[in-house]
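Protein chains: 2
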Amino acid sequence: MRTRNSARAPSAADIPHFPSEEFLVRDEAIKAIFEPDSIAIVGASRDPEKVGYLILKNLVESGFKGKLYPVNPKVQEILDLRTYSSVEEISEPVDLVVVVVPAAIVPEVLRQCGRKKVKSAVVISGGFRESGKEGEELEKTLTQIVKETGIRLVGPNCIGVDNPHVGMSMWVGVKKKGPIGIVTQSGLVGTALECWAEKEGIGISKCISLGNKIDVDEVDLLRYLADDADTKVIAVYVEGVGDGRRFMEVASEVSRKKPILALKGGRTKLGIRAASSHTRSLSGRSEIYEAAFRKSGILSVNSLEELYDFSKALSFLPLPKERGALIVTSSGGAGILASDLADKLGLELPSISESAEKRLRQLLPSHCVFSNPFDVTTTTSEAFQLVMEENLNDDNISAFMPIFADPLPRAAEAVKKIVEKTDKPVVVCYVGGAEVEEAEKAKMHSMGIPVFSSPERAAAALHALARRHELLTESLHAG
Amino acid sequence: MRTRNSARAPSAADIPHFPSEEFLVRDEAIKAIFEPDSIAIVGASRDPEKVGYLILKNLVESGFKGKLYPVNPKVQEILDLRTYSSVEEISEPVDLVVVVVPAAIVPEVLRQCGRKKVKSAVVISGGFRESGKEGEELEKTLTQIVKETGIRLVGPNCIGVDNPHVGMSMWVGVKKKGPIGIVTQSGLVGTALECWAEKEGIGISKCISLGNKIDVDEVDLLRYLADDADTKVIAVYVEGVGDGRRFMEVASEVSRKKPILALKGGRTKLGIRAASSHTRSLSGRSEIYEAAFRKSGILSVNSLEELYDFSKALSFLPLPKERGALIVTSSGGAGILASDLADKLGLELPSISESAEKRLRQLLPSHCVFSNPFDVTTTTSEAFQLVMEENLNDDNISAFMPIFADPLPRAAEAVKKIVEKTDKPVVVCYVGGAEVEEAEKAKMHSMGIPVFSSPERAAAALHALARRHELLTESLHAG
Chain E
1 MRTRNSARAP SAADIPHFPS EEFLVRDEAI KAIFEPDSIA IVGASRDPEK VGYLILKNLV
61 ESGFKGKLYP VNPKVQEILD LRTYSSVEEI SEPVDLVVVV VPAAIVPEVL RQCGRKKVKS
121 AVVISGGFRE SGKEGEELEK TLTQIVKETG IRLVGPNCIG VDNPHVGMSM WVGVKKKGPI
181 GIVTQSGLVG TALECWAEKE GIGISKCISL GNKIDVDEVD LLRYLADDAD TKVIAVYVEG
241 VGDGRRFMEV ASEVSRKKPI LALKGGRTKL GIRAASSHTR SLSGRSEIYE AAFRKSGILS
301 VNSLEELYDF SKALSFLPLP KERGALIVTS SGGAGILASD LADKLGLELP SISESAEKRL
361 RQLLPSHCVF SNPFDVTTTT SEAFQLVMEE NLNDDNISAF MPIFADPLPR AAEAVKKIVE
421 KTDKPVVVCY VGGAEVEEAE KAKMHSMGIP VFSSPERAAA ALHALARRHE LLTESLHAG
Chain R
1 MRTRNSARAP SAADIPHFPS EEFLVRDEAI KAIFEPDSIA IVGASRDPEK VGYLILKNLV
61 ESGFKGKLYP VNPKVQEILD LRTYSSVEEI SEPVDLVVVV VPAAIVPEVL RQCGRKKVKS
121 AVVISGGFRE SGKEGEELEK TLTQIVKETG IRLVGPNCIG VDNPHVGMSM WVGVKKKGPI
181 GIVTQSGLVG TALECWAEKE GIGISKCISL GNKIDVDEVD LLRYLADDAD TKVIAVYVEG
241 VGDGRRFMEV ASEVSRKKPI LALKGGRTKL GIRAASSHTR SLSGRSEIYE AAFRKSGILS
301 VNSLEELYDF SKALSFLPLP KERGALIVTS SGGAGILASD LADKLGLELP SISESAEKRL
361 RQLLPSHCVF SNPFDVTTTT SEAFQLVMEE NLNDDNISAF MPIFADPLPR AAEAVKKIVE
421 KTDKPVVVCY VGGAEVEEAE KAKMHSMGIP VFSSPERAAA ALHALARRHE LLTESLHAG
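Protein chains in written order, with our numbering: chain E, 1 to 479; chain R, 1 to 479.
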């Protein structure tokens with residue numbers, strides 16, 4: 001069987017039309033990584049300080065729906081599960097093997113997996129290319145075994161795969177099902193996004209940490225996530241890409257279907273130096289990546305928080321047709337801070353129409369500021385709603401940005417009513433963290449309305465939506 | 001009596017040497033705003049939807065240590081407190097009056113305060129300059145009454161004053177005593193910083209919202225906070241400054257003593273337009289403010305979150321002598337993201353010394369990355385501690401940035417041990433939000449060790465420390 005490395009660069013367009021047998025097998029193996037019916041954990045441990053314990057415990061606690069087979073020849077059971085002395089001792093079929101044994105033993109484990117006809121393996125273990133000469137040799141051996149066995153391998157030197165939709169979370173035990181699909185070369189970036197999404201009640205669809213990515217890479221995953229119904233947006237952290245052309249081809253296809261956001265690690269001299277000692281990626285010049293991202297329809301982001309914020313925005317919100325937005329707030333200061341960033345990012349704040357102003361002057365107290373930002377001053381959620389309602393059909397206004405700056409009850413209901421009436425994005429900011437705010441924020445998140453925690457972060461999120469719209473338009477014109 | 005507006009511009013240096021009687025009276029009045037023995041709330045209400053209820057309730061619940069006199073001629077008691085029909089009906093002396101009646105009635109209330117010899121007043125009520133012609137006239141009347149009575153007035157159109165050290169919180173009911181002094185022209189900026197500080201267990205020393213600032217202004221408050229032992233750093237949000245020269249004079253003096261951070265609202269065309277309709281401040285050109293801030297030793301920040309983060313950093317951490325930092329992490333990706341921002345900000349990541357590397361190679365597993373960022377890979381808090389310990393006395397390293405990227409127990413203890421041994425700043429980043437992280441983060445905050453939630457935010461905070469050091473050095477050389 002030919003392997004990835006020798007195969008012609010596939011493009012996403014190939015797949016639906018000419019599903020060769022090879023592609024079907026390979027797709028099934030990728031599917032087994034995210035949706036396995038059974039998982040063996042080789043190196044499962046009873047010691048709570050060990051990763052082999054953590055992963056098994058998380059799989060149990062996140063409620064994995066398939067079968068779990070801890071493999072450890074030295075003990076009889078772990079966490080009430082019967083253990084096996086090796087993968088080959090398991091009589092049932094095994095879809096996915098998670099490997100957490102010392103690096104030196106990994107090759108032997110993978111050979112056993114090959115004999116057992118396991119589809120895929122996730123090698124958590126570190127100690128390969130990233131750790132010097134000896135590790136490099138070991139990694140070459142792994143690559144050879146992958147070629148020989150046809151096993152699809154994630155890692156090594158990674159933190160695993162999560163899919164809350166099947167109750168599978170290996171490293172941090174997240175449970176919330178959500179729309180964000182994460183592909184990351186750094187475990188940290190994955191766990192940060194996962195934990196933030198879990199905490200806010202947003203959730204993720206999938207998270208995969210690629211580590212040294214000797215086999216499964218961004219291209220495989222973009223293709224898989226493009227067709228994954230649970231994934232609405234794909235967030236990628238990348239240090240370096242092996243086959244740039246193939247990546248761009250597939251990303252160009254996928255980004256027409258779903259937004260792809262990318263954070264590039266190693267964009268400066270110091271960053272590139274750090275990246276080269278991390279996964280020994282050739283991280284390459286920042287401008288080249290920027291240009292390639294843009295050409296592939298990928299939205300480039302500048303920080304971990306932007307990756308999260310923009311994923312939230314693009315998962316839930318419709319796109320604005322133009323760059324004009326109406327800011328509604330009860331805080332002059334919040335409106336100013338949002339305006340300052342909006343201006344820097346090239347967003348527009350058009351005046352409200354004369355007719356809307358006239359109507360609102362009849363309905364609201366005279367000390368409101370009937371402008372954009374619209375300052376309702378009177379602090380009721382209904383006033384926010386009223387202002388947005390009266391401007392819903394203004395063609396100059398493509399988006400709304402309500403910035404709640406006081407502990408306002410019923411804010412979620414007010415926003416909901418607007419969201420139901422329009423296909424323009426409503427980018428909510430709720431500043432503060434007192435009781436009412438937290439409750440309203442949680443309510444909005446449960447309604448699928450993302451909330452941003454500062455005026456600047458809301459403005460930046462709206463800008464991401466506008467850029468996505470522009471990328472799509474460019475891509476339509478180009479294609 | 002002469003009032004602020006007719007007085008010669010005072011500089012902070014005047015005060016300790018020649019305390020004229022006028023200055024003493026005026027200082028006492030500012031003190032009464034933050035540390036009153038008694039507060040009358042004119043417009044106190046029984047209606048939970050009214051601001052006059054909210055403020056009284058918050059003062060009761062935040063545990064105000066002095067006397068509270070609700071003033072409302074229509075009811076007998078509110079929240080178990082006897083009410084008074086007017087300020088003049090109160091037989092005991094009143095230090096501070098909080099005014100929450102409709103704008104039209106405010107002048108009469110202030111005249112009563114004048115007769116009662118009240119020292120200071122906080123006018124929460126809106127409906128003045130910010131709301132049009134009629135309000136403008138009313139505001140002129142207030143200014144006239146201030147001149148006649150000598151009362152020091154905060155506002156109008158503000159959200160009050162908080163001082164957790166005397167159990168006083170008017171708008172959001174914060175309780176945590178901390179080091180951050182907040183002076184803001186926007187209520188929102190104040191409540192955002194307060195709520196974030198409360199939530200993280202950091203706390204504030206004082207918060208004052210200036211609103212239309214017809215009397216008490218930034219200059220009065222910089223002077224007061226400069227001498228306030230509880231305030232370690234002064235965070236200012238400003239849209240426009242009345243007397244720029246006086247502001248710069250006082251800020252130059254105060255910033256030698258304590259760090260001043262400023263967020264300028266209205267730095268772009270859209271922001272300036274929004275500011276002019278907020279407090280009708282002449283917000284002026286961004287570059288002029290930038291230059292003035294720099295000349296006065298003020299650190300300029302770019303967002304609400306930066307204002308908070310840098311306040312945290314400067315409150316608790318010593319300053320780095322140079323720009324070289326050592327990043328220690330268990331996540332290659334986190335190290336890269338921090339390196340990228342460090343590079344952009346002009347921080348340096350010097351190599352560790354040969355001797356330190358030699359020692360660490362003996363103590364740590366070979367798959368660590370013995371570089372900067374130093375990747376401990378093995379995820380124990382003790383490894384972080386060890387790496388910092390071995391480089392404590394390296395002159396090229398002026399700061400440490402441990403970035404914890406896994407749920408690591410004992411992280412707080414490990415950092416504490418380093419903090420105790422060095423006068424170099426330790427800027428901690430703890431990403432994620434799972435249980436262990438939250439617990440360790442809370443522990444560090446309770447130990448006075450600030451924690452930042454992303455690698456980029458930690459790098460930016462370290463940069464703020466370095467800039468503060470440079471500003472102080474410049475100011476020493478200049479003065």
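Everything labelled a hint here was simulated from the structure, so no lab data went into it. It cannot be assumed that every hint is accurate.
Identical copies look the same in the list; a pair holds intra-copy or inter-copy alike.
[Said to hold, decoys possible] Lysine-lysine pairs mimicking DSBU-like chemistry, simulated, CA-CA at most 30 Å apart:
id, residue 1, residue 2
1, K443, K416
2, K175, K344
3, K50, K358
4, K140, K177
The hints, checked one at a time:
no. : hint         : result
1   : K443 to K416 : within (10 Å within a copy, 38 Å between copies)
2   : K175 to K344 : neither (38 Å within a copy, 37 Å between copies)
3   : K50 to K358  : between (67 Å within a copy, 28 Å between copies)
4   : K140 to K177 : neither (37 Å within a copy, 58 Å between copies)
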